[in-house]
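Enquirer: This is what each chain is made of:
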Amino acid sequence: MATKPSFSEEVSNLMHASHGNPLKTCVQCGTCSGTCPVAEFMDHTPRCLIGMINANLKEEVLESNTFWYCASCFHCTVRCPKEIDIAGLMYSLKRYSIWKHTYPEGAIGPVFSETFVKSILRSGRSYEPVLAPTYIFSYGVREFLNEAHTATNLMLKGRLPVLPPRIKRLENFKKMANKIIPMGGA
Amino acid sequence: MRTYSYFPGCSLEKMAMSYHQSAMQTTNKIGVELKEIEDWNCCGATTYFHVDELLAYTLVARNLAIAEKMGHDLVAPCSACYKNTYFGSAYLKEDQDLSDHINYALEADNLHYSGSIEVKHLMEVFVDDVGLEEIKSKITHPLEGLRVAPYYGCQIVRPRKDHEDVENPQFFEDLMSTVGADPVDFTYRLRCCGGSLIITSREAALSLVRDLLQSAVYSDADVIATACPLCQTNLECYQMTVNREFGTDFSIPIMYFTQLLGLSMGLPPKKLGIGTEFVSADRILTFAKEKV
Chain A
1 MATKPSFSEE
11 VSNLMHASHG
21 NPLKTCVQCG
31 TCSGTCPVAE
41 FMDHTPRCLI
51 GMINANLKEE
61 VLESNTFWYC
71 ASCFHCTVRC
81 PKEIDIAGLM
91 YSLKRYSIWK
101 HTYPEGAIGP
111 VFSETFVKSI
121 LRSGRSYEPV
131 LAPTYIFSYG
141 VREFLNEAHT
151 ATNLMLKGRL
161 PVLPPRIKRL
171 ENFKKMANKI
181 IPMGGA
Chain B
187 MRTYSYFPGC
197 SLEKMAMSYH
207 QSAMQTTNKI
217 GVELKEIEDW
227 NCCGATTYFH
237 VDELLAYTLV
247 ARNLAIAEKM
257 GHDLVAPCSA
267 CYKNTYFGSA
277 YLKEDQDLSD
287 HINYALEADN
297 LHYSGSIEVK
307 HLMEVFVDDV
317 GLEEIKSKIT
327 HPLEGLRVAP
337 YYGCQIVRPR
347 KDHEDVENPQ
357 FFEDLMSTVG
367 ADPVDFTYRL
377 RCCGGSLIIT
387 SREAALSLVR
397 DLLQSAVYSD
407 ADVIATACPL
417 CQTNLECYQM
427 TVNREFGTDF
437 SIPIMYFTQL
447 LGLSMGLPPK
457 KLGIGTEFVS
467 ADRILTFAKE
477 KV
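From first to last, the protein sequence lines are chains A and B.
Under our numbering, the letters of the first sequence match residues 1 to 186, in that order.
Under our numbering, the letters of the second sequence match residues 187 to 478, in that order.
Simulated from the structure, these hints should not be mistaken for laboratory data.
Do not take every clue at face value.
As the list claims (entries may be wrong) - Below 27 Å or equal to it, Euclidean Cα-Cα: the simulated DSS-like pairs (lysine-lysine) are:
1) K347(B) to K24(A)
2) K174(A) to K100(A)
3) K175(A) to K255(B)
4) K279(B) to K82(A)
5) K306(B) to K324(B)
6) K4(A) to K24(A)
7) K255(B) to K179(A)
8) K221(B) to K174(A)
9) K100(A) to K118(A)
10) K174(A) to K279(B)
11) K157(A) to K457(B)
12) K221(B) to K457(B)
13) K168(A) to K255(B)
14) K168(A) to K306(B)
15) K157(A) to K200(B)
16) K221(B) to K168(A)
17) K179(A) to K200(B)
18) K157(A) to K306(B)
19) K100(A) to K179(A)
A quick note: this is a predicted structure, and the numbers were derived from the prediction, not measured.
Put together the whole structure using the sequences plus the hints.
Expert: Printed below as a string of structure tokens:
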């Protein structure tokens with residue numbers, strides 16, 4: 001009879017492409033949490049999150065903001081004495097939460113990521129101005145004004161593109177992406 | 187003449203054009219030719235890997251395949267492009283199934299990646315391939331007395347690619363010494379700039395930028411040198427925002443290592459894209475004095 005994989009097994013499967021050791025080898029030393037430059041902003045430190053995964057606390061893990069704070073600096077990964085790819089784990093959890101749509105309403109990280117991917121699949125290159133609407137509306141007045149000030153300065157210095165860049169063989173590029181993930185009419 | 191397939195990446199098209207200009211000028215001085223990869227696409231940055239890893243590596247593979255067709259090793263000036271492309275190439279070389287699957291997709295653009303090229307960061311070309319001795323022979327305007335904070339950031343050194351020293355690298359300091367400057371003891375030289383958190387988790391990113399600027403100021407640096415367009419943007423374009431949010435008073439220029447290199451080679455500042463920064467680099471220019 002088939003058995004349903006536990007949450008910790010599910011996460012391990014998601015990390016199949018990672019080259020580190022399995023999460024169950026974690027000894028809870030906390031080197032990752034001590035190294036992480038944004039640990040203070042997370043609701044659970046990386047060490048704690050790994051413990052929670054190993055304890056199969058699925059809901060609590062998916063509700064956590066920890067992985068959306070990870071900036072992929074890989075400092076935890078290179079320091080882990082058990083050679084677990086912790087930054088790779090954070091990527092896996094981001095993918096899992098986008099795939100299952102378990103992230104909280106209004107979260108900027110997942111919406112930004114999805115918009116970014118769609119914009120690249122449309123043109124082949126990234127273009128900052130189309131990304132702004134994914135986050136600018138969540139800003140308060142002061143943040144908005146600060147951002148507008150930065151954008152104006154960039155414009156004045158000639159550092160913002162006016163037209164979206166586009167690769168030449170875009171049709172082939174789209175066909176290529178479609179062979180990996182069929183996207184209907186895309 | 188050394189020739190490379192050059193992958194500038196999206197940032198260098200506009201936001202970090204000065205990095206592109208100074209890379210072109212300085213490589214030209216040392217007999218290195220950067221041939222832009224024809225019709226390259228985005229490397230996927232960090233965000234693409236949040237959504238789908240296989241598709242992200244397919245994007246990377248397209249650039250690799252075109253670079254391979256051109257017949258040269260690939261060089262990327264952006265640390266994120268470099269990291270994605272380096273590992274994409276490594277995974278394709280060691281995993282036949284992955285390579286078969288991705289090459290099947292690449293057929294749509296009449297491409298194939300067989301894994302015959304190496305992937306390098308632009309700084310590696312200077313430090314390892316050309317070498318510091320050779321560079322030294324081109325320095326006509328040593329930046330004597332200039333206190334530089336060499337900012338490695340993350341992805342140029344992490345994750346570990348080979349057996350390199352990820353805790354205490356020295357290549358950036360060595361390069362800065364070669365141009366005649368004084369690399370300062372910069373405590374946060376390997377700490378993260380926040381990357382794309384500047385958009386998704388602004389408060390966290392701004393505090394990282396503040397800590398980095400503070401660390402450079404503590405070490406009495408005149409300038410922070412970077413090797414990544416995202417580090418440069420976060421430290422520079424958000425420096426005024428940090429000042430407003432935290433009540434600080436930072437005013438430290440953030441320059442690409444290629445700009446400092448260019449000044450020490452006597453290249454005109456304008457050709458190195460100097461003048462498009464938010465925090466003026468004018469006072470740095472005075473350090474470039476002709477050797478007597």
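Enquirer: So, for every hint listed, does it hold in this structure?
Expert: Right, here's what the structure says about each hint:
1. K347(B) to K24(A): Holds, at about 24 Å.
2. K174(A) to K100(A): Holds: K174(A) and K100(A) sit about 25 Å apart, inside 27 Å.
3. K175(A) to K255(B): holds, 20 Å
4. K279(B) to K82(A): holds, 26 Å
5. K306(B) to K324(B): Cα-Cα ~22 Å, so holds.
6. K4(A) to K24(A): holds, 18 Å
7. K255(B) to K179(A): holds, 22 Å
8. K221(B) to K174(A): Measuring from Cα to Cα gives roughly 25 Å; hence the hint holds.
9. K100(A) to K118(A): holds, 18 Å
10. K174(A) to K279(B): Measuring from Cα to Cα gives roughly 24 Å; hence the hint holds.
11. K157(A) to K457(B): holds, 15 Å
12. K221(B) to K457(B): Holds - the C-alpha atoms of K457(B) and K221(B) are around 19 Å apart, at most 27 Å.
13. K168(A) to K255(B): holds, 17 Å
14. K168(A) to K306(B): Distance of about 25 Å is within 27 Å: holds.
15. K157(A) to K200(B): holds, 10 Å
16. K221(B) to K168(A): holds, 18 Å
17. K179(A) to K200(B): violated, 31 Å
18. K157(A) to K306(B): violated, 30 Å
19. K100(A) to K179(A): holds, 23 Å
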